[in-house]
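In the order they appear, the protein sequences are chains P and Y. Just so you know, we're using my numbering here: the first sequence kicks off at 1 and counts up by one. Just so you know, we're using my numbering here: the second sequence kicks off at 1 and counts up by one.
Any given hint might turn out to be false.
Computed beta-carbon distance windows for the label pairs [unchecked claim]:
1. Y:T77 / P:I25: 21 to 27 angstroms
2. P:S227 / Y:M68: 49 to 55 angstroms
3. Y:T246 / P:V267: 52 to 58 angstroms
4. P:K5 / Y:T77: 19 to 25 angstroms
5. P:G250 / Y:I25: 35 to 41 angstroms
6. P:V248 / Y:I289: 30 to 36 angstroms
7. Y:R152 / P:S227: 17 to 23 angstroms
If you're looking for bench data, these hints aren't it; they were derived computationally from the structure. As the structure is a prediction and not an experimental result, all values here were calculated from the model. Don't be surprised by glycine CBs; every beta carbon is placed ideally from N, CA and C.
Here is how the chains run, residue by residue.
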Amino acid sequence: MKTEKIVEKILLIFALSATLVIFLIIIFLFKEGLPILKKEGLGFILGKIWNPGKEIYGALTFIVGSLSVTFLALLIAVPLGVSCALFLAEIAPKRAESLFRPVIELLAGIPSVVYGMFGLIVIVRFIKVSFDVPTGETVLACSIVLAVMILPIIISVSEDAIKSVPRIYKEGSFALGATHWQTMKRVILPTASSGITASIILAMGRAIGETMAVVLVLGNVEMIPKSLLNPAEALTSVILLEMGEAPVGGTHYQALFAVGIILFIIVMILNIISMKIGVRKK
Amino acid sequence: MFYEDKIYICLRFNKNGDKKMKKEIIGISICMLFLMGCISEGNKTQTLSLAGSTTVEPIASRVAEVYMEKHPDAKVTIQGGGSGTGIKMVGEGTADIGNASRKIKDKEKDLYPDLVGTIIAYDGIAVVVHPLNSVENLTKQQLQDIYAGKIRNWKELGGEDMEIVVITRAEGSGTRDTFIELVMNKGKIEETSSVLQKPSNGAVKATVAGNENAIGYIGLGYVDSSVKSIKIDDVTPSSATVKGGTYPISRALYMYTKGTPSGLAKDFIDFILSSEGQNIVEEIGFIRID
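Let's have the full structure, built from the sequences with the hints guiding it.
In structure tokens:
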């Protein structure tokens with residue numbers, strides 16, 4: 001009995017340390033960035049001009065940059081990913097599935113800087129040549145790279161969700177005379193929808209927070225992109241590129257932390273929306 | 001459906017143990033926070049961390065490899081991040097040596113007055129274009145006009161009718177700072193949709209190598225066959241012209257330490273300044289100081 005109590009306590013400590021670390025990071029983030037948010041107010045989020053030299057901080061350009069590449073990446077990756085998951089879980093023969101699964105999980109382990117260099121050398125070049133633009137560093141290029149990065153997440157988590165649908169549902173549907181596709185469309189997908197939504201949340205979180213691949217491929221031009229073939233700059237990129245130059249404790253430094261707070265809040269909002277959608281689908 | 005159900009069930013079953021669990025959680029959290037505050041900084045004598053300029057990075061990495069072979073108990077780690085980051089990190093104490101491809105600025109001297117710089121090599125900043133670009137030579141004024149946004153098409157310089165895509169580094173880069181000082185005469189680099197910022201010398205090189213319209217600036221040591229370096233005022237960038245002083249865009253590469261170098265940092269810097277270290281500097285494509 002005693003060892004059981006000890007084990008319980010140890011597990012509690014591990015769980016708490018993870019939570020504590022996250023809380024401390026959040027507290028640090030808000031401590032450093034909140035003063036400038038209080039000072040500038042809504043102007044920080046809606047302002048279009050970001051000029052540290054003149055102490056003008058408006059992050060709208062970067063918010064639009066980050067959100068546009070994330071949503072376009074989801075637009076590309078979600079249909080592909082969910083279809084792939086459905087294929088692997090329902091249609092592919094066992095041997096094919098056991099071949100594809102490790103390959104997809106390998107894709108998830110590739111470092112983001114490698115994706116970035118691949119994106120720069122292959123995708124950016126492809127877009128430059130295909131669309132005859134002066135440079136391929138565009139919202140489109142970044143979305144494609146991000147889509148490839150989040151694809152493994154969507155596929156593995158959705159596949160798990162689809163496989164967890166109780167066999168009884170499937171068998172009942174077949175017993176009622178439904179075809180395989182009708183079963184997939186009307187029984188399996190709706191049942192797995194909360195898991196699939198979870199995979200989309202994870203993918204969104206990864207895409208919004210992606211720094212290295214985005215900074216290599218998006219061009220980092222401080223302008224709101226007017227089309228898919230324009231370069232832009234993301235919230236993560238501005239922090240990466242400018243943190244080295246900002247004097248510790250100064251307003252530029254605080255402004256960069258405030259950008260971090262915005263990132264955090266965006267991820268929180270996306271999470272809440274997705275949870276609401278997931279609950280409603282019941 | 002199944003995730004929410006599982007969480008719901010767990011919460012229902014735990015109602016009895018709730019109050020006690022809450023007390024335990026609070027108690028253990030306080031203990032852990034206390035412990036975290038008590039952890040002291042470890043001994044740094046056997047590890048050496050360098051950070052900063054991506055121009056200095058290849059030199060530091062190669063020297064570190066050789067140094068660690070000679071001193072198996074030493075562990076040297078190198079990061080990039082740009083000269084600004086390097087100076088800030090060594091000033092704040094998060095790195096032992098800050099690599100910089102420029103001299104420390106006055107603002108930085110005010111923040112970190114005890115930083116001491118040692119010149120470890122010389123470097124030229126090569127202006128590069130795609131190998132298929134027909135332009136061979138630019139005057140310093142033309143280069144300045146390109147980056148200021150006054151010249152926008154290669155045909156104005158005798159090349160093809162293509163829009164010029166200007167590649168620059170982000171602020172915090174020593175390479176960028178030197179470029180602004182020596183080429184732009186401290187003027188601004190134009191911010192248009194055709195001026196792209198890249199986070200390192202390597203990224204600039206890869207971008208220019210893949211784009212016929214592009215022009216960029218990189219450390220001389222980074223130039224290879226994937227890009228073509230341009231003559232500036234009819235002077236080809238090379239070790240000879242940088243050392244001789246005829247190439248107009250040259251600079252010194254520094255390693256900054258808190259106070260005069262001591263301990264492992266001193267040993268490492270002395271090694272770079274030795275003839276063996278300088279041989280490595282030359283091998284990589286930079287210019288030795290002796």
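Comparing the hints with the structure gives:
1. Between Y:T77 and P:I25 the beta carbons are some 23 angstroms apart, a value that agrees with the proposed interval 21 to 27 angstroms.
2. Checked against the given bound of 49 to 55 angstroms, the beta carbons of P:S227 and Y:M68, roughly 50 angstroms apart, stay inside it.
3. Checked against the given bound of 52 to 58 angstroms, the beta carbons of Y:T246 and P:V267, roughly 54 angstroms apart, stay inside it.
4. Under the hint 19 to 25 angstroms, the C-beta atoms of P:K5 and Y:T77, about 42 angstroms apart, miss the expected range.
5. Taken as a hint, the range 35 to 41 angstroms holds for the pair P:G250 and Y:I25, whose Cβ atoms sit roughly 38 angstroms apart.
6. At about 32 angstroms, the CB distance of P:V248 to Y:I289 agrees with the hint of 30 to 36 angstroms.
7. Y:R152 and P:S227 have their C-beta atoms about 20 angstroms apart, which keeps the hinted 17 to 23 angstroms range intact.
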